[in-house]
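Visitor: Construct the entire structure; sequences and hints are all you get.
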Amino acid sequence: MTHALAALDAFKSAAPQAGDWASILPEILVAGLGVFALLQALTLPASGRWLIPAVARVGLLLAGFLAYQAGESEGARFGGLLQQDASTHLWRQLFLLCALLTSLVGGRFFRQRGADEAEFHHILLLVTASLMMLAQSSHVVTFFVALETATVGLYVLCGFLRRSAASLEAGVRYLVAGGLSSALLLMGFVLLHGVAGMHLPKGADPLQFASIAAALLGHGGEPLALVGAALVLAGLGFKLGAFPFHGWVPDVYQGAPTPTTALLATASKSAGVVGLVLVVSGPLAPLAAKLSPVLAVLAGGSLLAGNLAALGSSDTKRALALSGVSHAGFLLAGIAGLVTLRSQEGVFGAADIALPIVLAYLLAYVLGTFATMGALAALPAESDERRPLVALRGLIRRSPSLAAGLTLGIGSLAGIPPSIGFFAKVLILWVLVSAEAWTLLALAVVSVAVSIHYYFSIIREATVRTAPDGEVPPRIPLLDRALPLGLGILTVLLGLGSLIKAALG
Amino acid sequence: MDAHLLHWILLLPLGSAAACGLLLRRRGAAAGILSIATAFAVAGLALAVLAGLAPGQTLAWQAEIGRLGGVPIRVGYLLDGHAALMLFVVTFVGAWIHLFSWGYMRDDGARGRFFGGLSLFMFAILGIVLADGLLMTFAFWELVGFCSYLLISHYFDTDFAPPAANKAFIANRVGDLGFILGIAMCLATYGAADFASLKAAAAAKPAPALLGFLLLCGFIGKSAQFPLHVWLTDAMAGPTPVSALIHAATMVAAGVFLMARVDFLLAPEVLQLCLWSGAAMAALAGLCALAQTDIKKSLAYSTLAHLGVMGAALGLGRADLALLHMAMHAFFKATLFLGAGSVIHGCHHGQDMLRMGGLASRMRLTFAAFLAATLSNCALPFLAGWYSKDAILEAAHGSSIGAFALLALAAVATCLYSARMIRLVFLGEARSEEARAAHESPWTMTLPLVVLGLGYSIIAGTYLGLPAAAVHVLPKPMAFHLGAASAVGLAALLLGLGALRFYGRSSGDALRDAAPGAYRALERRWMDDAYGWWIDRVQQPAIEVLAFLDLALVNGLAGKVLAGGIPALLGAASRRLFHAGSVRANAAWFTAGAALIAALLLGAL
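Here the protein sequences line up with chains A and B, keeping their order.
To convert a position in the first sequence, counted from 1, into the working numbering, add 3.
To convert a position in the second sequence, counted from 1, into the working numbering, add 46.
In short, the hints are calculated from the structure, not lab data.
Keep in mind that this is a model prediction, so the values were computed, not measured.
We put the beta carbon where it would ideally sit given N, CA and C, even for glycine.
Fair warning: there could be bad hints in the mix.
To be verified - Simulated coverage check for chain B against chain A, where a stretch passes if three residues somewhere in it have a Cβ under 8 Å from a Cβ of chain A:
#1 616-624
#2 628-639
#3 642-650
What the hints assert, rightly or not - Computed footprint of chain B on chain A; a stretch qualifies when at least three of its residues, placed anywhere within it, have a C-beta under 8 Å from a C-beta of chain B:
#4 245-251
#5 296-306
#6 310-316
Guide: What follows is the structure, given as structure tokens:
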């Protein structure tokens with residue numbers, strides 16, 4: 004009898020409280036917009052279809068405004084299924100930004116290739132809503148369901164050009180790799196759940212992140228828990244595209260339609276980052292001292308593997324995919340530093356700044372990636388999956404604005420001052436210095452130097468080398484040219500802004 | 047008297063330069079009027095400031111304009127006696143030369159650019175005059191160098207002006223490298239670079255010889271001292287008013303002014319060096335002036351000789367004499383250049399003295415002013431140049447007989463080339479059509495000649511017409527007395543009279559006819575040849591070796607192998623390792639990765 008009453012209490016506590024629904028209004032809005040996109044497709048006449056992306060974009064801006072308004076509101080929602088804090092709202096805005104930019108890059112791209120724009124926006128918005136849920140989940144079930152919902156949507160977007168064999172192949176490759184990683188992740192959670200269930204008092208929910216952490220606090224050394232942690236890390240390593248789970252990255256990035264590639268590189272990688280941050284500061288927090296060397300190995304491996312493999316790459320999308328692996332390395336390095344700092348000094352001091360720094364790095368990476376991918380998507384190509392470096396030759400003559408956007412975006416990705424990418428890299432290096440991770444610091448610096456080689460070979464093709472005469476460049480619409488250029492200029496302006504702020508501060 | 051008027055004096059020319067450069071580029075007449083009006087307004091303001099300044103009083107002002115890494119950056123004025131004299135010379139001579147330019151540049155198509163450059167130069171030189179420290183001086187020091195470059199290359203479509211401008215700029219860079227190192231050393235040694243602090247600090251702790259030498263480098267470059275003197279004669283490629291203002295009266299004298307401001311930092315060894323190189327250059331440059339047929343080049347050598355005399359005075363530790371000579375020289379040398387400009391204008395831009403002659407009767411006013419300035423140049427007793435030059439000769443006689451001998455030779459050479467110039471240009475028969483058709487210049491050109499030539503070149507030595515605040519730092523005007531210096535001076539004048547007859551003998555150059563070897567030796571530019579040899583035989587081969595290394599090592603080894611081959615190999619290898627393209631390989635890596643992490647966590651690795 005008491006047992007049943009306790010279960011009832013647990014259920015009651017999980018029932019929505021006042022304000023729970025309001026706290027996830029941005030997610031509801033985005034998901035609702037996703038459904039609305041399909042409804043519009045059914046009801047609108049052909050002449051009114053331009054409304055679909057327009058409504059989606061306005062809605063994304065509105066959701067971003069709501070997330071911004073949420074400010075620093077924090078607390079547990081839905082009886083501990085979700086947990087919001089100040090950073091939650093930043094993650095939401097980051098995912099909304101990725102969605103908005105993907106919509107801007109992808110709209111004309113898919114229309115031109117005969118793909119359904121409404122369906123594209125539908126999936127994009129659902130993926131975004133799931134990722135926003137992921138960023139605030141504090142329970143194994145919400146975490147896993149949000150991540151899986153987003154990943155399933157991404158499978159579809161990878162194979163979205165159904166008439167292109169390469170796109171379909173990318174979808175299948177992503178499906179197989181993603182399925183394997185989901186299995187690993189789920190298995191890891193099951194093991195952690197088992198450990199927690201064994202050691203927790205009755206009535207505590209062993210799927211709750213906080214409960215798992217409480218159980219691991221005294222029993223973190225158990226092999227079962229450690230294997231579980233390893234499998235969770237492996238599953239998230241796939242989303243991040245980190246070493247040694249990055250084998251799929253170049254093939255999928257290359258084959259997927261370029262707007263999807265941009266989304267994979269930014270939103271999906273950010274999902275890996277936020278998932279990892281939530282896991283290492285939630286259920287696995289007691290293992291911090293053991294996790295930090297593992298994260299450092301993954302970070303160092305990603306930096307090396309990504310940069311080395313990108314050297315001498317002859318395809319632009321492939322090179323950028325591999326550079327994304329090295330960016331995952333940088334992000335992992337930041338998280339490793341964060342974990343190290345936390346294990347050393349509790350939750351105060353430098354560790355508190357490490358998370359905003361990782362977020363700032365992601366913002367810089369998102370802007371640089373969309374500037375670059377936006378320029379690529381705007382360029383006409385025989386087939387989207389083959390974009391050799393030599394095809395960029397003489398871009399500066401054909402379209403100076405695209406060449407400028409591409410160059411500035413690449414410059415920010417490479418970390419050339421005064422772009423925002425430079426400051427993002429410097430801040431990560433600062434975290435590594437604070438955490439006294441000297442080996443990782445050395446690897447990071449060397450990898451920046453190495454990466455200049457392939458980044459500049461892209462810039463050189465686009466700006467220095469000249470194309471053979473005779474080709475009349477096709478006209479590229481204003482929006483497609485303005486977006487990369489605007490983002491490229493934004494990276495420089497934000498960088499200069501940081502510089503001025505740093506100088507004044 | 048407060049310092050606010052000094053702001054106007056400094057900034058008015060900048061405003062004029064900005065207006066000419068940005069708005070009046072195509073409206074030469076408006077630019078000219080603005081620039082000339084500004085120059086006279088600045089001269090008037092300067093006279094007002096100087097009149098309100100009691101002898102011995104200094105005017106100082108300082109403001110912090112920002113901080114660099116916590117170190118305050120200050121600008122400020124220090125108007126003491128030295129600066130007062132320089133301020134008067136710069137604004138007064140500058141204003142008359144501006145007026146002269148109106149007539150001289152009448153037919154030029156780029157008057158807007160020209161007058162904008164002149165105004166910018168006035169801003170820059172006034173910045174040097176007023177600056178209260180080495181840092182501000184250096185900033186304006188570079189700006190005068192830039193203006194000099196700009197104005198020398200005024201005729202940039204000729205084939206001689208741009209190289210001349212480059213040469214001037216590069217030679218000055220060499221000197222300025224030393225100068226800026228000297229400033230850095232000042233900051234390192236004394237922790238300050240403003241004159242007042244430096245003076246107080248140097249009294250407690252004498253400056254090392256190296257510091258003085260480095261500062262002297264700035265003087266050597268700007269004042270065209272040996273061995274960087276080579277740029278000044280080439281700089282005559284600029285318009286004649288520019289030669290008068292920048293390359294005779296003011297900018298090249300700025301080096302002397304700077305040395306006078308920091309004379310407390312000059313160690314005895316530095317003074318010795320300054321004395322000997324100055325005296326030697328005075329003698330040699332004076333002789334070289336004998337072997338130039340271009341009237342402006344000949345005058346440029348004369349300027350070099352006088353700068354040598356000033357350097358020698360500095361070396362004797364007599365900064366007051368150096369400044370006095372700087373001022374006197376500014377008056378008569380500006381007149382000589384303006385006179386030459388008037389002659390060139392009259393002869394339709396012919397500059398060859400051998401194609402002139404007999405101009406005395408055709409250009410009476412020009413001749414009168416030129417003659418007065420020439421006599422002042424030759425140190426005829428009681429004219430302006432005599433007061434300073436004889437005093438320097440006398441000081442040298444009391445200190446070093448070798449330097450005195452060299453300066454005496456310089457005095458003789460001065461009289462010889464002056465006589466030659468008068469003979470070839472103004473006396474005798476006209477030797478070309480242009481000379482026969484020559485005519486007097488308009489009043490805008492002759493009025494400055496009258497003021498500076500018939501006025502200041504004659505009376506300035508008695509300090510008539512000079513502001514009291516400026517005279518304060520100068521030595522008392524000396525009376526005539528028979529001594530070694532006056533004996534040399536009189537002998538030189540007599541030799542000059544002889545030269546007047548000697549050059550009358552030939553329709554060409556009498557010295558060239560009589561002693562062609564000596565003439566060619568003087569005409570030849572030994573230092574340019576030495577630099578040429580160094581560049582061709584030493585620098586160029588060394589650069590070729592470096593270029594080869596660059597091609598072989600950097601381009602070949604680093605570029606092709608390190609940057610091209612090795613990355614490609616590494617890339618291909620790691621792509622083969624991780625990205626075989628098969629889904630099975632991906633899955634294998636996944637499993638291996640999970641196992642790796644588990645092993646790490648379990649402590650098995």
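Visitor: Given as covered by chain A, does the region 616-624 of chain B meet the bar of three residues or more with CB within less than 8 Å?
Guide: As far as the region 616-624 of chain B goes, the hint holds, because 7 residues have Cβ atoms under 8 Å from chain A.
Visitor: Count residues of the region 310-316 of chain A with a Cβ under 8 Å from any Cβ of chain B, then say if the count reaches three.
Guide: holds (count 6)
Visitor: Do three or more residues of the region 245-251 of chain A come closer than 8 Å to chain B, measuring C-beta to C-beta?
Guide: holds (count 6)
Visitor: With a C-beta cutoff of 8 Å, work out whether three or more residues of the region 296-306 of chain A approach chain B closely enough for the coverage to hold.
Guide: Per the Cβ count (4), the hint holds.
Visitor: Count the residues of the region 628-639 of chain B with a beta-carbon closer than 8 Å to any beta-carbon of chain A: does the count reach three?
Guide: holds (count 8)
Visitor: Apply the coverage criterion to the region 642-650 of chain B and chain A: a residue qualifies when its Cβ sits closer than 8 Å to a Cβ of the chain, and three qualifying residues are needed.
Guide: holds (count 6)
Checked against the numbered hints given earlier, the structure satisfies every one of them.
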